[in-house]
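K.L.:
Given the sequences, and given the hints that come with them, work out the whole structure.
Here is how the chains run, residue by residue.
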Amino acid sequence: EPEVTQTPSHQVTQMGQEVILRCVPISNHLYFYWYRQILGQKVEFLVSFYNNEISEKSEIFDDQFSVERPDGSNFTLKIRSTKLEDSAMYFCASSAEDLYNEQFFGPGTRLTVL
Amino acid sequence: GNSVTQMEGPVTLSEEAFLTINCTYTATGYPSLFWYVQYPGEGLQLLLKATKADDKGSNKGFEATYRKETTSFHLEKGSVQVSDSAVYFCALSDRRNDMRFGAGTRLTVKP
Numbered sequence: 001e002p003e004v005t006q007t008p009s010h011q012v013t014q015m016g017q018e019v020i021l022r023c024v025p026i027s028n029h030l031y032f033y034w035y036r037q038i039l040g041q042k043v044e045f046l047v048s049f050y051n052n053e054i055s056e057k058s059e060i061f062d063d064q065f066s067v068e069r070p071d072g073s074n075f076t077l078k079i080r081s082t083k084l085e086d087s088a089m090y091f092c093a094s095s096a097e098d099l100y101n102e103q104f105f106g107p108g109t110r111l112t113v114l
Numbered sequence: 001g002n003s004v005t006q007m008e009g010p011v012t013l014s015e016e017a018f019l020t021i022n023c024t025y026t027a028t029g030y031p032s033l034f035w036y037v038q039y040p041g042e043g044l045q046l047l048l049k050a051t052k053a054d055d056k057g058s059n060k061g062f063e064a065t066y067r068k069e070t071t072s073f074h075l076e077k078g079s080v081q082v083s084d085s086a087v088y089f090c091a092l093s094d095r096r097n098d099m100r101f102g103a104g105t106r107l108t109v110k111p
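Residue numbers (this note's numbering), protein chains in the order written: chain Z, 1 to 114; chain P, 1 to 111.
Please note that a few of the clues may not be correct.
[Stated by the list, open to error] Pairwise CB distance ranges (calculated): (1) P:P10 <-> Z:D63: 29 to 39 angstroms; (2) P:G1 <-> Z:E102: 19 to 29 angstroms; (3) P:S85 <-> Z:D71: 35 to 45 angstroms; (4) Z:R80 <-> P:S79: 46 to 56 angstroms; (5) P:K68 <-> Z:E102: 12 to 22 angstroms; (6) P:Q45 <-> Z:I38: 15 to 25 angstroms; (7) P:Q45 <-> Z:Q11: 21 to 31 angstroms; (8) Z:G72 <-> P:L46: 17 to 27 angstroms; (9) P:E16 <-> Z:Q64: 43 to 53 angstroms; (10) Z:P8 <-> P:P40: 13 to 23 angstroms.
What the hints contain is simulated information worked out from the structure, not anything from laboratory work. We put the CB at the ideal spot given by N, CA and C, even for glycine.
P.N.:
Okay, here's the thing in structure tokens:
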């Protein structure tokens, strides 16, 4: 069964450093998403991406964040200058172009900012 | 904007007890509704979904019915098992294609 994959599973970085989180969505999917979950808290929507551009973004997704689909298979989330409060689990998801909007989630990348 | 309100946890039950986790939503239009489950140390897995009013989603003994009149999508299971211990998230998605999650309800089932 096709699945969404994410790398790395755990990333540790120093405050102020740039990080890139990588995702490989399901191959025939057209919509891509990033979510985050701070430890013990709710899953929060960050951004959705379709047709090579951002279609929706939340208030969390400020200028420090960017997304890219560099090569037709990977979907990346970049945090330019990490802050302590960026420590969270980051989930990538993808969905096919249908009316039901079911999203398939990857296993997540745990980001720890020291 | 769209939002989901979920029953506060944690919920602790004995094995074979009946489970209800309440979920209500606010949305413009006609969203699809979902329950996701997160087992310890893992990512989110889709448990069940419903795409229109009066639809019932079901999987692994869990059920939820899309009630437009009460804007609810309560999760139920007749007899829980220890292996059902997890965090359960109610979510909705509309044509804008972003998923809004509830706060999550942690369920612990004791033998």
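K.L.:
Going through the numbered hints above, which ones does this structure break? Give me the numbers in ascending order.
P.N.:
The structure breaks none of the hints.
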